[in-house]
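Just so you know, the sequences run in chain order S and B. Going by the numbering used here, the first residue of the first sequence is number 1, and it counts up by one from there. Going by the numbering used here, the first residue of the second sequence is number 1001, and it counts up by one from there.
No lab work stands behind these hints, which were simulated from the structure alone. Fair warning: there could be bad hints in the mix.
[Said to hold, decoys possible] The calculated lysine-lysine pairs, modelled on BS3-like cross-linking and capped at a C-alpha distance of 30 Å, are: (1) K90/S <-> K3/S; (2) K1150/B <-> K1027/B; (3) K162/S <-> K1150/B; (4) K1058/B <-> K190/S; (5) K1069/B <-> K205/S; (6) K69/S <-> K1190/B; (7) K182/S <-> K1162/B; (8) K1182/B <-> K1205/B; (9) K1003/B <-> K162/S; (10) K1158/B <-> K205/S; (11) K150/S <-> K69/S; (12) K1090/B <-> K205/S; (13) K1069/B <-> K1150/B; (14) K1027/B <-> K1158/B; (15) K69/S <-> K1205/B; (16) K1205/B <-> K90/S; (17) K1182/B <-> K58/S; (18) K90/S <-> K1190/B; (19) K58/S <-> K1190/B; (20) K1190/B <-> K158/S; (21) K162/S <-> K1182/B; (22) K1058/B <-> K1003/B; (23) K205/S <-> K182/S; (24) K1205/B <-> K190/S; (25) K190/S <-> K1158/B; (26) K190/S <-> K1090/B; (27) K190/S <-> K1162/B.
[To be verified] Calculated from the model, a selection of chain S residues having no Cβ within reach of chain B, i.e. all distances over 10 Å: (28) D64; (29) S88; (30) K90; (31) E138; (32) D140; (33) S142; (34) G145; (35) E146; (36) R188; (37) V197; (38) G203; (39) L241; (40) H244.
Yeah, the Cβ is synthetic: ideal placement off N, Cα and C, and Gly gets one too.
There are 2 protein chains.
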Amino acid sequence: MSKPLILVSNDDGISSRGIRVLVELMKEIGEVIVVAPDSPQSGMGHAITVGNTLRLDKTDIFGDVPAYKCSGTPADCVKLAKHHVLTSSKPDLVVSGINHGGNTSISVLYSGTMSAAIEGAIEDLPAVGFSLCDYASEADFSHTGEYVKKIASEVLYKGLPKGVALNVNIPPKRNENIKGIKVCRQARAKWEEQFDVRRDPTGRKYFWMAGNFVNFDRGEDNDEWAIANNYISIVPCQYDLTAHHGISFLNDQWEL
Amino acid sequence: MSKPLILVSNDDGISSRGIRVLVELMKEIGEVIVVAPDSPQSGMGHAITVGNTLRLDKTDIFGDVPAYKCSGTPADCVKLAKHHVLTSSKPDLVVSGINHGGNTSISVLYSGTMSAAIEGAIEDLPAVGFSLCDYASEADFSHTGEYVKKIASEVLYKGLPKGVALNVNIPPKRNENIKGIKVCRQARAKWEEQFDVRRDPTGRKYFWMAGNFVNFDRGEDNDEWAIANNYISIVPCQYDLTAHHGISFLNDQWEL
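Bound-form chain S, shown alone:
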């Protein structure tokens, strides 16, 4: 039986440490091809490049693993991979990451890591985004390997429901071992932004976004709870945004 074909992308850019870790792990379970942004794309959400050109260049950054760097967003990378790079074969799995920093709860919306995975799901490909809840550039990835391989293998061999991509978050390396894997819902939480107001050298104002994460969710079945309690969280995500309870609300309450 031939090895599964695994497409790897990310949003921190092709030269980040997290994608190097992910490529090494995926080589153990499949044949790997990389199409990833040539520069960091954090916070890009599900952006795509319309009204502008895209570059795609081969790179030997991963040795004998075929790899391409792209000037676009993570979603662009998956689109280009499918329609330009992998024209004669379809990947068996799309993985994105490992992100430097968590993508739990509301962060899934802003996450370039997850946009690559969701783009996979739109293309009917099994897809997973992996994030390590540690923003440090020297973050320790050593505890992620066994879980990343296990989850990727489960997706390869058991599949996913149509239109679903997985958002996997991994707790930072702590003294205690990881307790296991929890399938979760997205926590109700948000960022309370603050903007630092500063002056540039000419005296003109500019802003830096800052903020605090606020968790409103007291449940124990959500991704924030899992990470806080040293479990890996898996949230199955869909790209159908329809709020079905909103349909009945509007039909009942409004006069249209």
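Chain S is fixed; fit chain B onto it per the hints.
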């Protein structure tokens, strides 16, 4: 009773025709303030500006309507409006658009117009994104006014469920009058991308994204059907992406 405070944003940029139409309409029902991107942001999805600075400058482009142009994305505009511009008052309504081009079905994911509205919902503000299904720069907006005002007024006076923003699409101006408003679900459809491969003046390859829209949905309760049949579509959208059916799938089928 004081007039409701209405925050207007968009993704085509502050100088586009669609936002001018929306500002004029909102002035009829409330007090208006504009915070919008200083340049086109189409396809930005739910991108935010992290790791980079933001500019925000007052402009008199709308006469006596207070207005600010922002160097960031539509989501940045709503965040800056809430946390920096409107620090002493909370908008009663956030509206985004009117977009030059449709944001039905899967396009909601890539839509900067809807990201401004969803950002409103995250901030617990009633919010609506309006899009006209006509990409032409000279598109006729004359049939949109009565419906845009009606929907904005319904949201102001009847409210929306928590965490829900509305995705409103308006058919292009046709010979026949609009038949009415339909509350819909997001259609199952996608873009089949193609990439035009070209050469720059130095001979280096570059790509333009192109593609065809493919609708897999045969239902009559979705937004594509509504637009094709000359109805305005309203899809209530949520930012909780959890695929709850995926949770039971993983718990039943996987060995974790």
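* Any hints this thing doesn't respect? Which numbers, in order? -> Result: hints 3, 8, 9, 10, 17, 23, 24, 36, 37, 39 and 40 break, sorted rising.
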